[in-house]
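Participant: Based on the hints, put chain B in the right spot on chain A.
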Amino acid sequence: MNNEAPLSLHVPEPSSRPGDKPDFSHISVPAAGTVPKPDIDCAPASIRELAYDMVRVLDDNGVAIGEWVPEVDDYFLLKGLTVMLKTRLFDERMFMSQRQGKTSIYVQCRGEEAVACAQRMALSQGDMCFPSYRQQGLLIAQDFPMVDMINQIYSNSKDKLGGRSLPFFYSERDYGFFSISGNLGTQFMQAVGWAMGSAIKGDTKVASGWIGDGSTAESDFHSALVFASTYKPPVILNVVNNQWAISTFQGIASGESANFACRGHGFNIPSIRVDGNDFLAVYSVSKWAIDRARRNLGPTLIEWVTYRAAAHTTSDDPTKYRPADEADYWPLGDPIERLKTHLIGKGIWDEAQHEALTKALKAEVKAAAKEAETYGTLGKGAVPAVSEMFNHVYKEMPAHLRKQRQEAGV
Amino acid sequence: MSEKIISQNVSRKNMIEAIRDALDVTMERDDNVIVFGEDVGYFGGVFRATEGLQAKYGKSRCFDAPISELGIIGAAVGMGAYGLRPVPEIQFADYILPAYDQIASEAARLRYRSSGEFTAPMTIRTPTGGGIYGGQTHSQSPEALFTHVAGLKTVIPSNPYDAKGLLIASIEDDDPVIFLEPKRLYNGPFDGHHDRPVTPWSEHAASEVPDGHYTVPLGKAAITSEGSDVTILAYGTMVHVAQCAAEETGIDAEVIDLRTLLPLDEETIEKSVKKTGRCIVVHEATKTSGFGAELMAVVQELCLYSLEAPIIRITGWDTPYPHAQEWEYFPGPARVGDALRKVMGE
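Chains A and B, in that order, are what the protein sequence lines are.
Position 146, counted from 1, in the first sequence is what my numbering calls 146; the numbers after and before it change by one each time, with no gaps.
Position 308, counted from 1, in the second sequence is what my numbering calls 308; the numbers after and before it change by one each time, with no gaps.
In isolation and in its complexed conformation, chain A is listed as follows (with noise of 0.2 Å):
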């Protein structure tokens, strides 16, 4: 006789939905500037309370403080604010032009801008990301002309990819961006290569590999893990956890057992917990993990918080899973908001500058849109040669494609 309880299984449930008050009582904000700034050559093990906390720069006044204010200049934050915002303007536009059905698809990153954006303006020209698909600030924060982002997002006559990939799936070699792929993870594993291939060849470059909190689930999150902490490359491995992956939220990825900094723990990587709606504890943190890399010191694992204030991508709409006002609730704030506070109380930066620089970020972009459009948009007006599809399978076009190129008629 079995006296024992029936088992049940936990599914995990967010902590509101829609109709709900939201509800962010589950994370807790710590005050900025109160963890410690370690060594880059720090044993792994005495920081890892760093994991468990949240590194903040900027307080809710705006005010830098702690050991984590980075030394920059003026310019260096206005150009932070400058390419933030562009981003978001950036993201609105492709996101009215999507609607307008001049491209397919189009993912905004609405709320996380400063994560790819500060990062970037720490790495070097020559080291490599490996994005995901919500880090166009990598592109944006290096003044990349929009425009040719945008032929891509179009798949118009010029599109440097010859409109064989998605919309936003950029490859630039030359600005550190490696051509996103889309399968969700696949990445992550491919900048711990990259990095040891650095290391093989006795390189001072170093790859930086970006996730997403729901797709830490897939293998390849742990598969980088092991070998980051088995060959110690010169790599930055980012977990950029905004919090939802499509309708899911963090916890189905069991980010309600344990956050995804402390995964780093069980490697002995240095692993580090961060606002990621704080440019300057992006940069700083950033900063000290690309150092350590450079100075032969091995991986970090970064875990930034932030929130995906926009739907996942134009095909769905969020207000059917979480609060529509969710993203008012959010703790940390928005990113372009909270630098432009810390670059007024500076006395550097004021409501008329701001609003003088939205508007010309504005017409930057649709200058930029309004270009791309005279080469085309999907399916309307120049668009690539159909002869596109059978190019770049091989280094060479063997003879079966030769063939079917020829039956497709082109």
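Worth flagging that the hints you see were computed from the coordinates, not collected in a lab.
Please note: incorrect hints may appear among the correct ones.
[Said to hold, decoys possible] Heads up, simulated SDA-like pairs for lysine to any residue below, C-alpha to C-alpha not over 20 Å straight-line:
1) Lys201(A) / Gly219(B)
2) Lys160(A) / Ser115(B)
3) Lys403(A) / Pro263(B)
4) Lys56(B) / Ile67(B)
5) Lys395(A) / Gly83(B)
6) Lys59(B) / Ser229(A)
7) Lys395(A) / Pro217(B)
8) Lys201(A) / Asn32(B)
9) Lys403(A) / Arg61(B)
10) Lys395(A) / Val149(B)
11) Lys395(A) / Lys271(B)
12) Lys395(A) / Gly219(B)
13) Lys232(A) / Pro310(B)
14) Lys232(A) / Glu270(B)
15) Lys403(A) / His148(B)
16) Lys395(A) / Thr147(B)
17) Lys395(A) / Pro263(B)
18) Lys271(B) / Ala221(B)
Facilitator: Structure of chain B alone, referenced to chain A:
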């Protein structure tokens, strides 16, 4: 073997020695060639293919990898993108599936999706096929999983000379290559007669392997023996089984060793079948949706009006690879012989 280079010194090698020699030659010539995988470093691999390479080229050129096929191939994609020419080993082809996403969705498509800006020029070496009592996990022939993927090349040698030349050509190729090594052939040309003493490679002409660098071009089949009555399309271990069956039946068969499955040498196939008017297709892998189906389609498309009999396929059965029933599963010379007689109307 028209590509044989006469001027080079020749020494007798078995297949493992020929493969090791190919790795040695390419590592010597190009320091971007990196060899790694499970047990390949200090120990030299479970089949000894990489023995001595770590001692000769150092630990950063030849090293052990964690037991993560996904990680091994994912790392190779990253290394290839960096500019290296990795030659990862997957210990058994049966274990390659955890890496399938990195192979089929990543390595195979990186050139396509980046307009050639990033490439993954890797050669994945992996022992394939049965005949060693390896059961379900050390005997499978997964070639069709790779020939079905655009962007990959799939190569399978049947003898030491080709193994070395094809491996060098694969490593020097700028596209990802799946290099399947028929493990039953490592130490001798196995004809399927498992109950007879093992024949060593030293008694076979194709064990004469030139020293140094030479290539056997990808995409070119070899006619192992000429014949006029029926064409046998085979690759890997089955080349020797087919040869044996032809000799035992006395049927004048032309045995074609495909060597590269993709790109496929359709020209050689077409010429032969148009000459003989009959065709049988032999492989170890399971029948349904196997590469043999592709070969039959190609022959049908190119040679239908020359055919005097339906094409016959002799393959492994559509079951997982069994253990105790190895020799009832493995398509041996008796089954191939029966097919030859049948296609000849005997």
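Participant: Quick check: which numbered hints come out false for this structure?
Facilitator: When the structure is compared with the hints, numbers 1, 4, 9, 11, 13 and 14 turn out to be violated.
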